[in-house]
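> These protein sequence lines are chains A and B, in that order. For the first sequence, this note's numbering assigns the number 1302 to the initial residue and increments by one for each residue that follows. For the second sequence, this note's numbering assigns the number 134 to the initial residue and increments by one for each residue that follows.
FYI, nobody ran anything at the bench for these hints, they're computed from the structure. From the three backbone atoms N, C-alpha and C, an ideal C-beta is built for every residue, glycine too. Heads up, some of the hints might be wrong.
[Stated by the list, open to error] Interface residues of chain A toward chain B, partial, derived using beta-carbon atoms under 7 angstroms:
(1) Gly1364
(2) Tyr1365
(3) Phe1391
(4) Pro1398
(5) Glu1400
(6) Phe1403
(7) Gly1404
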Amino acid sequence: DAGITQSPRHKVTETGTPVTLRCHQTENHRYMYWYRQDPGHGLRLIHYSYGVKDTDKGEVSDGYSVSRSKTEDFLLTLESATSSQTSVYFCAIASGPYEQYFGPGTRLTVT
Amino acid sequence: DQQVKQNSPSLSVQEGRISILNCDYTNSMFDYFLWYKKYPAEGPTFLISISSIKDKNEDGRFTVFLNKSAKHLSLHIVPSQPGDSAVYFCAASARRDDKIIFGKGTRLHILP
Chain A
1302 DAGITQSPRH KVTETGTPVT LRCHQTENHR YMYWYRQDPG HGLRLIHYSY
1352 GVKDTDKGEV SDGYSVSRSK TEDFLLTLES ATSSQTSVYF CAIASGPYEQ
1402 YFGPGTRLTV T
Chain B
134 DQQVKQNSPS LSVQEGRISI LNCDYTNSMF DYFLWYKKYP AEGPTFLISI
184 SSIKDKNEDG RFTVFLNKSA KHLSLHIVPS QPGDSAVYFC AASARRDDKI
234 IFGKGTRLHI LP
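So that you can see chain A by itself, here it is in the shape it has in the complex (with noise of 0.2 angstroms):
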């Protein structure tokens, strides 16, 4: 397995909260993402880096934010946590663009 951790893996946050998740590789990829997975939606791509301090956003990046201050560690920033925010959120790597790896995943509730 690749390895590649996230934490918190479970988080109660309320509504205007702030909110960080953390995803970790000790791979050396260069591509690292955030998904969130939703029923009846299945993955979507939120923000994504193709290296340090590089990144762009996916099909749902807003009220996110992203940060890539290392190789090996790529943050995702709620600002204000809304209720709409609660999903499971998962990060993915991977050394070129085609297979992803992808993480445990964190569940997170915005109450």
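For this one, chain A is given, so just place chain B on it according to the hints.
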């Protein structure tokens, strides 16, 4: 607009029989296709892929078929086993694109 479509939300198959999961795509620029498998409370795991220069790729019990003219691919699992019960995601990527587009998934139930 969905670029990758999995029109069957769920599928039930008897253990030992063949499972066929289907996927359609609309973007003719897609040149690489993947299948992922996901168990509850776990991240998706890469299963098998196929390049647009091929029409078939096989890996053990899993075979992916690509029909470019119909913009259709399918995943065949033979024989189906209880551990194959999971959600299967079809995904596609365009040349020189950094992103993969996923379908909504098909839940496969293998019946004893």
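> Now tell me, hint by hint, if it's right for this structure.
Okay, the hints, checked on the actual structure:
Interface hint at Gly1364 (chain A): violated, since its Cβ lies 19 angstroms from the closest Cβ of chain B, which is beyond the 7 angstroms cut-off. At a threshold of 7 angstroms, the smallest CB-CB gap from Tyr1365 (chain A) to chain B is about 16 angstroms, leaving the interface hint violated. For the restraint placing Phe1391 (chain A) at the interface with chain B, the shortest Cβ-Cβ distance is roughly 5 angstroms, inside the 7 angstroms limit, so the hint holds. The criterion of a C-beta within 7 angstroms of any C-beta in chain B is met by Pro1398 (chain A), whose closest approach is roughly 5 angstroms, and the hint holds.
Of the supplied interface hints, the one on Glu1400 (chain A) holds, with its beta-carbon coming within about 5 angstroms of a beta-carbon of chain B, less than 7 angstroms. A distance limit of 7 angstroms between C-beta atoms decides the matter here; for Phe1403 (chain A) the minimum to chain B is near 3 angstroms, and the interface restraint holds. About 5 angstroms separates the beta-carbon of Gly1404 (chain A) from the nearest beta-carbon of chain B, less than 7 angstroms, and the hint is met.
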